[in-house]
Amino acid sequence: MTVTLAAQNAGEAAVFWICGALAVLGAMGMLFSRKAVHSALFLAMTMINLAILYVSLSAPFLGMVQVIVYTGAIMMLFLFVLMVVGVDSSDSLIETVKNQRAPAILFGLGFGVLLVGILGQGTRDLPVGSLEEANSVTGGNLQGLAELIFTQYVFAFEVTSTLLITAALGAMILTHQQHYEPKATQRELSQARFKGPHPSALPPPGTFARHNAVDTPALLPDGSVAEISVPRPMALRETPVDRVDVEEVDEVAAGHDIVVDELGAATDDTSGEER
Amino acid sequence: MTTDHYIALSAILFSLGAFGMLFRRNAIVVFMCVELMLNASNLAFVAFARMHGNLEGQVFAFFTMVVAAAEVVVGLAIIVVIFRTRRSASVDEPSLLRF
Chain U
13 MTVTLAAQNA GEAAVFWICG ALAVLGAMGM LFSRKAVHSA LFLAMTMINL
63 AILYVSLSAP FLGMVQVIVY TGAIMMLFLF VLMVVGVDSS DSLIETVKNQ
113 RAPAILFGLG FGVLLVGILG QGTRDLPVGS LEEANSVTGG NLQGLAELIF
163 TQYVFAFEVT STLLITAALG AMILTHQQHY EPKATQRELS QARFKGPHPS
213 ALPPPGTFAR HNAVDTPALL PDGSVAEISV PRPMALRETP VDRVDVEEVD
263 EVAAGHDIVV DELGAATDDT SGEER
Chain W
7 MTTDHYIALS AILFSLGAFG MLFRRNAIVV FMCVELMLNA SNLAFVAFAR
57 MHGNLEGQVF AFFTMVVAAA EVVVGLAIIV VIFRTRRSAS VDEPSLLRF
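If you're matching them up, the sequences are chains U and W in order. In terms of my numbering, the first sequence opens at residue 13 and continues consecutively. In terms of my numbering, the second sequence opens at residue 7 and continues consecutively.
Quick caveat, the hints were computed from the structure, so don't treat them as lab data. Built from N, CA and C at the ideal position, the CB exists for glycine as well. Check the hints yourself; a few may be wrong.
Rough simulated footprint, nothing fancy, chain U against chain W, three-plus residues with beta-carbon under 8 Å [as the list claims (entries may be wrong)]:
{"#": "1", "region": "52 to 62"}
{"#": "2", "region": "72 to 80"}
Facing chain U, from chain W, some residues (calculated, C-beta under 8 Å) [stated by the list, open to error]:
{"#": "3", "residue": "49"}
{"#": "4", "residue": "84"}
{"#": "5", "residue": "85"}
All chains, full assembly: derive it from the sequences and hints.
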């Protein structure tokens, strides 16, 4: 070891102050960002900083587990669920429970002051200690942990495996959707279609020189917008219906010798060659 | 660097998580606050393990992580089910049991 003890301490202090501040900042960001996705990303930042702190506290295995399990698996699970529930499900500012916010702030602050105060009273200048000895007995941090988990705490370890299996089964059962009526056959589907207003396929979305996205509505022969040509989930997202500029269509048509008649229907004898 | 620093950081993170649980109303964000509190307690475990010079604190932190993983799986499944039936992930929404 060429690194002196003082230099090691200084390095640890630097890691603590930088990563600790970043962790607290991440926690604050999680609390005060309106969108849930931003909260998740801020929490991931806090967790990565805590992982660095674990490594500097001579717990390299836990640091890695923190990165892999917490930021890698749990936070991604959060993001998946946010995707299902709706990314833009942000908090509204209207209080459903009357006068809840002020006591919440009061209790939160009070709890923090109490906790920090009690800990400041109880633990004063505790030595930081060293894990060198415990780690060196069995040849390393991971080996030491493994020996403890598989000898002294082996029963707890087995119980955790049961817990994990139960949790996985519970999640599957909870999210399983039950069909309460038999699935519609192809015959029933086609009958329903012919009874409905559109026996044929719905018109496809518009394809224009500047826009050809699926949420661009097609134009009817009289120049009006065919709302039925946009898929329903797209229409729910407040499609800009004026995306198709009729004047623009006319303008483009004028430059291309396309004859646009009174009804807006275009006859173009060069379009076949251009493509 | 004393253990006190780590414990104070852990206390700050824990109380931020507790505050968020009272303050936020999106169920998923409330869950994230629970995770933050678990992480804060893990930090305390690891710091105390270093102070006492044995690995048992790290073993406990490890078990906490496993339990947190199981808890998140079930909790998020419950949130998805609630969202499916009520079209909302707000914890104030199921307030019909009041009074």
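Is the hint on residue 84/W kept, meaning its closest Cβ partner in chain U is under 8 Å away? Cβ of residue 84/W sits 6 Å from chain U, so the hint holds.
Against chain U, with CB atoms and a cut of 8 Å, does the hint on residue 49/W hold up? holds (6 Å)
Quick one: see if chain U covers the region 52 to 62 of chain W, three-plus residues with Cβ-Cβ under 8 Å. It holds, with 10 qualifying residues against the three required.
Minimum beta-carbon distance criterion (8 Å), residue 85/W to chain U: Cβ of residue 85/W sits 6 Å from chain U, so the hint holds.
Whether chain U covers the region 72 to 80 of chain W (at least 3 residues having a Cβ closer than 8 Å to its Cβ atoms): holds (count 9)
No hint from the list above goes unmet by this structure.
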